[in-house]
Amino acid sequence: MTLAVQFTDVSRVFGDVKAVDRVSIDIQDGEFFSMLGPSGSGKTTCLRLIAGFEQPSAGSIRIHGAEAVGLAPYQRDVNTVFQDYALFPHMNVRDNVAYGLKVKGVGKSERLTRAEEALGMVALAGYGDRKPVQLSGGQRQRVALARALVNRPRVLLLDEPLGALDLKLREQMQSELKKLQRQLGITFIFVTHDQTEALSMSDRVAVFNKGRIEQVDTPRNLYMKPATPFVAEFVGTSNVLRGELAQLLTGSAAPFSIRPEHIRLQEAAGSDANATDVLVTGLLHDVQYQGAATRFEVRLENGQNLSVSQANNQWQQTAPAFQAGQQVSVRWAREAMVALTDVEGR
Amino acid sequence: MTALSTPVTAPPAGGPLQRLSNLLYRKPNLYLAMLLVPPLLWFGVIYFAPLLTFLWQGVYTYDEMAMAATPDLTWANLLALFEPANYDIILRTLGMAIVVSLASAALAFPIAYYMARYTSGKTKAFFYIAVMMPMWASYIVKAYAWTLLLAKGGVVQWFVEQLQLTPVLQFILGIPGVGGSTLSTSQLGRFFVFVYIWLPFMILPIQASLERLPPSLLQASADLGAKPAQTFMQVILPLSVPGIAAGSIFTFSLTLGDFIVPQLVGPPGLFIGNMVYTQQGSIGNMPMAAAFTLVPIVLIAIYLSIVKRLGAFDAL
Numbered sequence: 036m037t038l039a040v041q042f043t044d045v046s047r048v049f050g051d052v053k054a055v056d057r058v059s060i061d062i063q064d065g066e067f068f069s070m071l072g073p074s075g076s077g078k079t080t081c082l083r084l085i086a087g088f089e090q091p092s093a094g095s096i097r098i099h100g101a102e103a104v105g106l107a108p109y110q111r112d113v114n115t116v117f118q119d120y121a122l123f124p125h126m127n128v129r130d131n132v133a134y135g136l137k138v139k140g141v142g143k144s145e146r147l148t149r150a151e152e153a154l155g156m157v158a159l160a161g162y163g164d165r166k167p168v169q170l171s172g173g174q175r176q177r178v179a180l181a182r183a184l185v186n187r188p189r190v191l192l193l194d195e196p197l198g199a200l201d202l203k204l205r206e207q208m209q210s211e212l213k214k215l216q217r218q219l220g221i222t223f224i225f226v227t228h229d230q231t232e233a234l235s236m237s238d239r240v241a242v243f244n245k246g247r248i249e250q251v252d253t254p255r256n257l258y259m260k261p262a263t264p265f266v267a268e269f270v271g272t273s274n275v276l277r278g279e280l281a282q283l284l285t286g287s288a289a290p291f292s293i294r295p296e297h298i299r300l301q302e303a304a305g306s307d308a309n310a311t312d313v314l315v316t317g318l319l320h321d322v323q324y325q326g327a328a329t330r331f332e333v334r335l336e337n338g339q340n341l342s343v344s345q346a347n348n349q350w351q352q353t354a355p356a357f358q359a360g361q362q363v364s365v366r367w368a369r370e371a372m373v374a375l376t377d378v379e380g381r
Numbered sequence: 167m168t169a170l171s172t173p174v175t176a177p178p179a180g181g182p183l184q185r186l187s188n189l190l191y192r193k194p195n196l197y198l199a200m201l202l203v204p205p206l207l208w209f210g211v212i213y214f215a216p217l218l219t220f221l222w223q224g225v226y227t228y229d230e231m232a233m234a235a236t237p238d239l240t241w242a243n244l245l246a247l248f249e250p251a252n253y254d255i256i257l258r259t260l261g262m263a264i265v266v267s268l269a270s271a272a273l274a275f276p277i278a279y280y281m282a283r284y285t286s287g288k289t290k291a292f293f294y295i296a297v298m299m300p301m302w303a304s305y306i307v308k309a310y311a312w313t314l315l316l317a318k319g320g321v322v323q324w325f326v327e328q329l330q331l332t333p334v335l336q337f338i339l340g341i342p343g344v345g346g347s348t349l350s351t352s353q354l355g356r357f358f359v360f361v362y363i364w365l366p367f368m369i370l371p372i373q374a375s376l377e378r379l380p381p382s383l384l385q386a387s388a389d390l391g392a393k394p395a396q397t398f399m400q401v402i403l404p405l406s407v408p409g410i411a412a413g414s415i416f417t418f419s420l421t422l423g424d425f426i427v428p429q430l431v432g433p434p435g436l437f438i439g440n441m442v443y444t445q446q447g448s449i450g451n452m453p454m455a456a457a458f459t460l461v462p463i464v465l466i467a468i469y470l471s472i473v474k475r476l477g478a479f480d481a482l
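Just so you know, the sequences run in chain order Z and R. Under my numbering, the first residue of the first sequence carries the number 36, and numbering increases by one thereafter. Under my numbering, the first residue of the second sequence carries the number 167, and numbering increases by one thereafter.
The hints are simulated quantities; they were obtained by calculation from the structure and are not laboratory data. Heads up, a few of these hints could be off.
Now the stretches of chain Z that chain R is said to cover, found in silico as 3 or more residues with beta-carbon under 8 Å [stated by the list, open to error]:
| no. | segment |
| --- | --- |
| 1 | 109-120 |
| 2 | 123-131 |
Restricting the straight-line Cα-Cα distance to at most 27 Å, the calculated cross-link-like pairs of lysine-lysine (DSSO-like) are [claimed, not checked]:
| no. | chain 1 | residue 1 | chain 2 | residue 2 |
| --- | --- | --- | --- | --- |
| 3 | Z | Lys166 | R | Lys393 |
| 4 | Z | Lys213 | Z | Lys260 |
| 5 | Z | Lys53 | R | Lys288 |
So, partial list: chain Z residues that the calculated Cβ filter (under 10 Å) puts toward chain R [to be verified]:
| no. | residue |
| --- | --- |
| 6 | Tyr134 |
| 7 | Gly135 |
| 8 | Ala179 |
Ideal Cβ positions, reconstructed from N, Cα and C, are used throughout, including at glycine.
For reference, chain Z alone in the conformation it holds in the complex:
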């Protein structure tokens, strides 16, 4: 298995800000790989390092085995779909898509055929004569995709390409992108700050925080076995418990995570817990109805807040209607607790 992209101890420093700090990643050929993180976490800089818009301050970047540091963007066999699409406003859709072929000297008839083919691939056949301004956001996004794919890159870089679309369109594009990636078999590197998007599309996800990678894993592992408090809280919602409480519950001061949906809420008096379950009492201080689920906020005796989420389905016995202000017990299985490693302040 060859590596599509390999980062070895890559850093990128802007002034005294470490945008990317000693990052090492191995991205497999043919993988749908996402870089997830809040804004300013270094994910976009990493993408720009692969594209060649930035050069690393230190470290090595290999693209399909060849050292890429020092190569200009036009010397790299990767193509980018930009966040703002970056379509050329003075060219029609066909010329936009054929641009990469034109500058590489591909003959006119071949490049027009291939451009038309690429437009067909993104369901925009027949839109060739329009100008970018005449298209909707979703259509522009597809043109940007076709313009990159027409060059048959081995690695496609996508910089938050769905950020500007509305929810329905975004979900539709997500599944189309995933389908396209499977069909073409090329490596997709997808930058996003939307954890749902990253989880639903990717083979593997790298979670970025403050210029460093906290965890690289499959979506399922990322959610079920977060490695650090940051990952636990950024991917999905989580209760991270530490200190004395952690000591009391797990016998170790290391922080652990417990997902809100793994916690059951019950009457304070109830004590039908399994011997293996954790059972604590607290004050229910907020109830939020969210449609598919209801969110309960419970304050434990030591002041720690705990989020509890319960599905609103007919199987769920919703019998006691919990009211804010009442004393409750919360209960969860020991296996649901995930030990975390504190990496802050490395």
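Starting from the known structure of chain Z, fit chain R onto it as the hints suggest.
Relative to chain Z, chain R alone:
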């Protein structure tokens, strides 16, 4: 029952200002009219009507004996423009306007590109001031200054001597149509002064058009495999054409209409502006002055339609 007796449109509360404000809010067209009528009146009465009246005199008959124009309509003045002496003036002016526009664009582009792409904050402010400062000085003073700089024994000649390039200068001054006895009486010197004076009008529009160019477009071009020269030809240049066109409209029309520089710098031979000035001021031949005034207007109209046909404004 107060609720029923209240009219549907609530009475405007407050004083007359409040009522006026409400009225304007309800009638946006009235608001627009109040905004536009004064400038339109100014434009129409002070500017447009006199210009049309003046141009209309271009078809009046000029009586040379009486030194006065009579409102007998004739094509004679307009036809007179095509007499060799007059036609020469038009060609001389037009040629200079074209050459000055081309040279200004070539000189302005790198400066504008540097300003738009590589400067920010204080450096950018410095460049703005540096570009505009010459415009703060009186235009006539600058033209006079240039006559001194370019004159025999002037600074430019001194520099050329220090660089041992006097033979080159002599050779250039010997070229017919370009040279003259000194730089300040040559067509070349006149060209220098025009380019110097109108350059800011070219730099600023190009700079503005390059500033609007999103950096991601240049990155996209490189990303798709374009070498820097290809990115320049395919993306940067086409998208800055509206700026170049806007700048060249300034340099072109300002050169066409100028009558001071041709008077102070360069060989004898009138420009359109001088001709209008002479006909109107010295001779009093209003109809001929009007006919000459029409020339730059027509030339600019032709120029604009060519520029438009070339697609210069498509990227706007």
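Results for each hint:
With a cut-off of 8 Å between beta carbons, the segment 109-120 of chain Z has 7 residues touching chain R; three or more are needed, and the interface restraint holds. Counting residues of the segment 123-131 of chain Z whose C-beta lies closer than 8 Å to any C-beta of chain R gives 3; at least three are required, and the coverage claim holds. A C-alpha spacing of about 24 Å is found between Lys166/Z and Lys393/R, which places the hinted pair at or below 27 Å, so the restraint holds. Straight-line distance between C-alpha atoms of Lys213/Z and Lys260/Z comes to about 24 Å, which keeps the hinted pair within the 27 Å bound.
Proximity of Lys53/Z to Lys288/R is assessed by CA-CA distance (about 26 Å); at most 27 Å being required, the pair is judged to hold. Checking Tyr134/Z against chain R: minimum C-beta separation of about 5 Å stays under 10 Å; hint holds. Because the closest C-beta pair between Gly135/Z and chain R is about 4 Å apart, less than 10 Å, the hint holds. For Ala179/Z, the shortest C-beta to C-beta distance to chain R is roughly 8 Å, which falls under 10 Å, so the interface hint holds.
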